[in-house]
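One letter stands for each residue in the lines below.
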Amino acid sequence: MNDAKGGFNVPENLMVTSTMTFFLVHSMQVGVGMLGFEKYIAEGAGYDAWISILVAGIAVHLLLWMIYRLLQDCGGDLVSIHNFLFGKYLGGLLNLVFSVYFLLLSLTVLRTFVEVIQVWVFPQLNVWLFALVYLLLAYYFVIGGLRVITGMCLLSVMLGLPLLFFKFFPLQIGDVNNLYPMIDASVSEILSSAKTSTLSFLGFELLLLFYPFIKDQKASKKWAHFGVFYTTMIYLVSAIVAFIYYNEDQLQHITWATISLWKIVDFPFLQRFEYMGIGLWAYVVLPNICLGLWAASRIPKRMFKIKQKYVLWLYLVILLVISSLIDNRRTIDALNTFTNQVGFYFLLYIPVLFILMFIMKKVRYRHGI
Amino acid sequence: MEFKKLSPIILAITVFLTGCIPHQSVEEVSLVSLSGCDYVDEELTECTVAIPHYGRSKEEVPTEQYLSYTAKTMKEIDNGLESKSPRPIRMGKLSVALYDEDLAIKDLSDIIDMLARDPHIGRDVQLGIVGGKTKKVIGTKYSENQTTADYLLGLVEQNERNIFPKTNLHRFLYAYYGRGIDGYLPYFLWEEGEVRMEGLALFKGGKFVHLVTNDEVLTFKMMVQNFNQGVQAIELDGEEVAMENIGSKVKYKIEGNKDNPKFVISVKMNGVISEISDLNILETNKRVKKIEAAFSSFFEKKSKNMVAQFQEKNVDPLGLGHLLHHRKGEITQEEWNMRYPDVPVDVQVTVDIIQTGISS
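Taken in order, these protein sequences are the chains called A and B. Heads up: the first sequence begins at 1 in our numbering, then just goes up one per residue. Heads up: the second sequence begins at 1001 in our numbering, then just goes up one per residue.
One or more hints might be untrue.
Claimed, not checked - Straight-line Cα separation of at most 30 Å, DSSO-like style, residue types lysine-lysine; simulated pairs: (1) 1005(B) <-> 167(A); (2) 39(A) <-> 1328(B); (3) 1253(B) <-> 309(A); (4) 1005(B) <-> 301(A); (5) 1166(B) <-> 39(A).
It is worth saying that the hints were derived from the structure and are not from the lab. Model, not experiment: these values are computed from the prediction.
Looking at chain B on its own, in the form it has when it is part of the complex (with noise of 0.2 Å):
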């Protein structure tokens, strides 16, 4: 019986309550799926995005229109980028998100608390730092059937299934926020119409203050996480021997006490030999040893080498501060600031090869 009474007017309200919000279907929005921002000078900051335009058909790769506007807020910027578009602009689909090297080295502060603060952006956007113009590597287009974003999201999941650490904003976030821990982002190069992975910017903050080289990021990978990926080559008496990475665990001890601690990172490396100049050299086992040993010295002088270079940055992306802050008691950000450049530091990788190939 109440029903019978209610149930009008509730139906009447639910009709009228889809008025009540002003919204767009997807049709009548601009959706955009890459951003970037670029140093101008001092003050003035210009940002691209990449909106793209679906066609009827599903095969039809949509066309992508650029917006550029050049100002120095955030928001001046947002109402510009409006100020040229047709439809709404919005970033609940944003995908890949890049700032060019000068603005990464002047401060991208303001720039990641606006990105932790939307709530329409999602925790997985990929976020990167080039070596020149956004505007330029947003611009070109690199596949005769893939968009531009698609594109861009492709080669960093291809590479980071590969020798490059996973990075994405949250992960960036967790180091941003977090003590004794620095972030880190892929860094890109666009050189004549094409776009690569040259190494990871390594962050204190907002700053970039380090890049990692290509060729250091597989040993750098070794060091943060367990993979199974990439090939390394070294050089042994004249030859050329690369071996294939099939298993890579790595763990982080403490020695020593809170006031005087000494890290161990040790990684074990199970590998594959891929290349080798002479295979029959390969035959005895005592061979197989001299190279295990090879390639365990020459990661370990690598990896040593390479956090004595952050330490002396005083850029922490292995995350020591961090761990030494919950596996022996309360550190703050300053007090590790202090002690990070001089804290021992010791790398002891064990490569163990498994298999030679098929041939011998």
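Chain A extracted, bound-state conformation (with noise of 0.2 Å):
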């Protein structure tokens, strides 16, 4: 039933191959949760929290079924979805409540990049004054349309990859001890760190509204599932890296466990590789940012029919207001705890949608429509 409720068709010069899925839907999970979530996930199920990666991965990769199903069944993104499914006011509503979530991720995302520049590298830095210029940046990104990011997506996931060897120098004084006794915690535990570690998989949820811009969308499938799985794994093996390497008691006291493994890292030419890794990381971040801000501005534009670049001003300026008046490390925390909960909620209402339009198509076939 391909009837593309309030349905619109994307021009072939504007879309992505299906390809391309892998690099969105990696690259908009990677962001700075990885860089220090592997405190986070070990005070729930302490050393065992590995497997809650394992459990989370599995849930998302379950998500990201029921998301193509959606998707499929009615053939447009989400504001169509939710048109079909609540109407116009209350399906706009919603539609507004998701582009504020998309915004608020491309903010935790931000405030909490500038965060790490203030304590690693330039304690003295000017927050408003970077985040204009990473903005504009992310402005001049977004403007160009979805072909535009997906580039910086391909060259993020690319760029990030190097830093991924890097693992190898911890693991080679680390104590695989630490990791014994394994599966000690107990399934309650196991699944709260799977919930802590929800912030580090947000963002393959943004496919409800790039989906039709994929070219060849059966195809894509295979692409999401290979990138939310690309993403497992290398969230497994920086947890396990990091484990071994810290004991228990000992990451506790460390914030960015990521960044602080890099520190072990030494070469001749270059003592010390964390800002190597930081600026690298700077890359990473910047399709982040943009993603959110797309999907963030496209929801306004599909509803009302204005352009898109109004939208994105507005935003831009939220943005900028809000990382500026953000100013300690107990606030980022709190950010971070908060949209980690919120993305938490959102995920879990996929189900629900999928479960409303499983029950909404057997009514509509019953009635004959």
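With the hints as a guide, bring the two chains together.
Right under this line is the structure:
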């Protein structure tokens, strides 16, 4: 029943190939969360938290499958689904909520990354000025459209790749005993850690918006799942390396485990690798902010038929103001926890949509519409 | 089109942005390579730093400048050192940090916390304890073609390839924060313009509590890591026999349960006979067997003796509590402190002599 409720057509020259779904999904998932998630997930299940990552990964695969079913059944994007299920007004409200949520994702990533720079490299950094420049750069990408952002995603995955090799250095002096006894935590502890890891996995739900831009949508399914799988594996490896390198009591004293791990990397020509790692991370973070902004500003565009540019300017100003107002570690930590929780409920919303869609379809068929 | 409008703005911002953060080039800061802190009295601490000044040519050995300041807190010392220096002091290239014995006996916790917190300090900084004053160790020129920092770093690295176990800031912090495990650092001694490594200082938390002397270090390393260096000499039937270690492997086993554990440390060492007074005696296989047995019992006796000393002082550099926690289940530091002194520990050493050199 591909009757495209409130459907629209994306011109072919704006589309991306199905392979690119991999990069879009993966690069939106990996962001600032990865720099310090090890400490937070270990709070619940201790060093069994690596199982939580697998659990969370499987859950994300399931949600991704649901998203694909939803989109295939409705043949549009999130806005069409909402309009189809809830009508114009309630659907419209939900759309706006999603728009704000995507903006929140961008904000969290931006502010947390600026904090990392403040703590590790330049304590005197002027937050709003840096945010302004970074956001202008993001503006330039977003205005270029999804294809340009996709290019950036591809680049960011390539640039982030070498950083994975440096996991080897801490492994050399780690102690595998830290992982034992395995599977000691209770199921509820493992699930609570899996919930804490939500923030690191957020981002794949953007598929709800860029789906119409994918050229061969059937083939993209495989690539989206590859993307999620790759993300899960990277988190799994990162967590295990950190758990082997630090013991459990020590990890609780370390805010950014991944950056601290880079400290042990030592080359004759480069003594302090973490600065380079943080520098490269600017490229990993950029597509996060761009995609978040793009999705956030796309929703009003679809709803009110206004130019995306104007919404984008508004959102940029909001991001700039809020990120300058947040000025200490506590608030940033609270922002991360808040986004983590909100994100968790947004993910829970996907199965709800899925079930509603299922019921709706049954009802419509019965009435012969 | 969009880009044409935006590009001048972006370009302008990139140019002006470089002025946003006060920064200094390498020539304009004093990069500390070596630091040391000494105990003065109950309240005061004196810290000394060495700052190399690089000349124009590559071959030239940098001259070192030494600054000292005495104050109560590290922050005051920082300010005091700045007040003596013509350029801002930066700790980014610190490679060796020394503390004197008295300070270490008092407590190093504050200093360790500061090192752990500072993002500019690498995790591979070499820490060390000095018997005597660090000021003397830092202020002495040991070599014509090396700075003192490079010299000390070389000294430690050379010895850690040999019989000393590996140490650095990360390893120390690992033990410092971990439960059921205590840290150790190399112990230096300065005598008449010469510095040498004199053993390992064992820490309980941030306090120096026990010294492993030089003749015990090889046995200690044998118990904490696999390695393939070092020579040990023993007396056998009135003769001096020396064996070179060419590969030693250590394994920890826990027998019994969490509440009644028994630790078994088993070491397998392969060796080569490097020195023996009368080579002819070595002709028979029987003789080799006897030497093997002699070395085994020598190492076993020595290591059991050392472990007993550790237990007496309630310091656990081998990380037995850490191991118990991970293999047999949750144990708190307090619980371990109570039980460690009475826990049975057995050491089994198997020595295998593979070669007896090129002469027989």
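Each hint tested on the structure:
Note on residue 1005(B) and residue 167(A): the hinted pairing is violated, with a Cα-Cα distance of about 43 Å set against a maximum of 30 Å. Taking the CA atoms of residue 39(A) and residue 1328(B), the gap is near 23 Å; set against the 30 Å cutoff, the hint holds. For the hint linking residue 1253(B) to residue 309(A), the alpha-carbon distance of about 67 Å lies beyond 30 Å, and the restraint is violated. The straight-line distance between the Cα atoms of residue 1005(B) and residue 301(A) is roughly 23 Å, inside the 30 Å bound, and the hint therefore holds.
The suggested pairing of residue 1166(B) with residue 39(A) holds, with an alpha-carbon distance near 26 Å, which does not exceed 30 Å.
Hints 1, 3 from the list above are not met by this structure, while the remaining hints are.
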